[in-house]
Amino acid sequence: MEAEVKDQLVSIEKPGLIAPPNWEPVIMGILCNWCSYAGSDLTGTSRIQYPPNIRIIRVPCSSRVDPWFLIKSLQTTADGVLVSGCHPGDCHYISGNYYARRRFLVTKKLLNFVGFHENRIQFSWVSAAEGPKFAKVVNKVTEDIKKLGPLHLYKKENFEKK
Amino acid sequence: MNYTKQIQEIAAKLFAEGKIDVFVGYRMNGFDENQVPVLVNTADDVSKLVFTDKSVFNLVNYLKNEHTRRKRVGIVVKGCDSRSLNLMLTESQVKRENLYVIGIACEGVTDDSGQKMQNCVDCMVPDAVVFDEMLGTPAPPQNVPVSYKMNADIASLAAMPLTGRAAYFEEVFENCIRCNACRHSCPLCYCAKCCIDQETATLYNGANTTSAAFHALMTWSLHLAGRCVDCRNCEKACPSHLPLHLLHKQNESVIYENFQEHLAGVIPGDRGAFYKYSMKDPDDFIM
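From first to last, the protein sequence lines are chains C and D. The first sequence begins at 1 in this note's numbering and counts up one residue at a time. The second sequence begins at 1001 in this note's numbering and counts up one residue at a time.
For reference, chain C alone in the conformation it holds in the complex (with noise of 0.2 Å):
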């Protein structure tokens, strides 16, 4: 009976809340439109595989993104979020990805100190042509939301897991 119980996967910000069997994370996927977008595509291409739970949103620029995306992501089907861009540098709008950098490590402190674990919001820079780290990083951030569990912090009620 305690082995059963031990296997079961908790929540780890609500221990109390048991995993459903076979359940499987929804993780949000935001990629730049230039560089992490193409190279999730030349994953594809490649015929590389990674886990489908990845959701890809494409955004122009990874600085396009709000820090409210995250927010809203978390509060509904997301629980976990991945946030991809060009490399410090190669920025196709020159500085995009370094304000959003800022933004980016303000976002996963604060939601990280309101009490969801920091590996629920991931961030990565992924070139056009880097179709294997993609994969490797959809599977890191995957087997990452895994070990978690599911979210069930300030879900809106109609995204609430009964």
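Hints were generated in silico from the structure; no laboratory data involved. Hints are supplied without guarantee of correctness; some may be wrong.
Each computed DSSO-like pair below joins lysine-lysine, with the alpha-carbon atoms no more than 27 Å apart [claimed, not checked]:
(1) C:Lys155 to D:Lys1193
(2) C:Lys156 to D:Lys1280
(3) C:Lys133 to D:Lys1280
(4) C:Lys109 to C:Lys136
Estimated spans, in silico, between C-beta atoms of each pair [what the hints assert, rightly or not]:
(5) D:Glu1091 to C:Pro88: 25 to 35 Å
(6) C:Ile57 to D:Glu1174: 27 to 37 Å
(7) C:Ile57 to D:Glu1066: 32 to 42 Å
(8) C:Thr76 to D:Asp1283: 22 to 32 Å
(9) C:Ile57 to D:Pro1243: 47 to 57 Å
(10) D:Asn1208 to C:Gly16: 19 to 29 Å
(11) C:Ile18 to D:Met1287: 58 to 68 Å
(12) C:Ile57 to D:Asp1283: 16 to 26 Å
(13) D:Met1028 to C:Ile57: 54 to 64 Å
(14) C:Asn22 to D:Cys1191: 39 to 49 Å
The beta-carbon is built from N, C-alpha and C at its ideal position, and this holds for glycine as well.
For chain C, the structure is supplied; the task is to place chain D on it using the hints.
Only chain D this time, still in chain C's reference frame:
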């Protein structure tokens, strides 16, 4: 700290010279020793004005309403208020030539119980940074950036385990009644249309729920990150007495420690940490 007489004299002089149309100051609230903001329109009402340790509110908030907009205004600012005024000037919300600013070398204000307020104990910039006239003796000039004092509440909360923090903040957000007083009392929340309200029209439907409060307060605090001056007008206005300063101080400490920025509004023309970048910003949290 009592500048009542000086402020009355200055205001009377300004009205006599015709330099201002309206003066924004404090008056006694009429039933106890606490004070409320007042807009004085004529020289006859100047005797209402007071300034003591109980002058807690940030009057810069009153520069964005219809009674002061496009008028020549006299205003009293403490250290923190002057920083928010600096940001409003930088963000082109008010015109400097329309203002006559009385700066205070602040010694800290007290709350209802007579204790010095927590943000005044931790205050790093007590003297007004924007002024036409200074009252009190300003401290000798310090090196900018001034040394950052870590907020004790932030340090103790950061040391708590994740589940404890999650439970603590869930209670905080649960007690929010979504009255938006925090937003209306903030001098730097001047957008005609707030993104939080746009959201209420659809997804959140103006609901008074924990998730809606979380969404509103987090978005609000992130839009103020790098600009908040810790005047705590939001906390004074909050009917549920939520510890709203925790969110702002957390952002401020992260910005200060990681980006080596100045405190918001200390330097004229400085728009805050999110409007610039450095090649040396930390990159280790990004894969």
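How the hints compare with the structure:
1. Taking the CA atoms of Lys155 of chain C and Lys1193 of chain D, the gap is about 25 Å. The hint holds against a cut of 27 Å.
2. As the CA atoms of Lys156 of chain C and Lys1280 of chain D are separated by approximately 38 Å, the hinted pair breaks the 27 Å bound.
3. Distance check on the hinted pair: Lys133 of chain C and Lys1280 of chain D sit about 24 Å apart at the alpha-carbon level, within 27 Å; holds.
4. Annotation: proposed proximity of Lys109 of chain C to Lys136 of chain C holds, straight-line Cα distance about 24 Å (limit 27 Å).
5. A beta carbon spacing of about 28 Å between Glu1091 of chain D and Pro88 of chain C agrees with the range 25 to 35 Å that was offered as a hint.
6. Under the hint 27 to 37 Å, the C-beta atoms of Ile57 of chain C and Glu1174 of chain D, about 30 Å apart, fit the expected range.
7. In this structure the supplied range 32 to 42 Å holds for Ile57 of chain C paired with Glu1066 of chain D, their Cβ-Cβ distance being about 41 Å.
8. For the pair Thr76 of chain C and Asp1283 of chain D, the supplied restraint of 22 to 32 Å holds, since their beta-carbon distance comes to about 29 Å.
9. For Ile57 of chain C and Pro1243 of chain D, the Cβ-Cβ distance of about 34 Å falls outside the hinted range of 47 to 57 Å, so the restraint is violated.
10. Range check, Asn1208 of chain D to Gly16 of chain C: Cβ separation about 25 Å, and the 19 to 29 Å hint holds.
11. Distance hint check: the CB atoms of Ile18 of chain C and Met1287 of chain D are about 30 Å apart, inconsistent with the given range 58 to 68 Å.
12. Checked against the hint of 16 to 26 Å, the pair Ile57 of chain C and Asp1283 of chain D passes, with Cβ atoms roughly 23 Å apart.
13. One distance hint, 54 to 64 Å for the beta-carbon pair Met1028 of chain D and Ile57 of chain C, holds here, with the actual separation near 55 Å.
14. The beta-carbon spacing between Asn22 of chain C and Cys1191 of chain D, approximately 45 Å, falls within the hinted interval of 39 to 49 Å.
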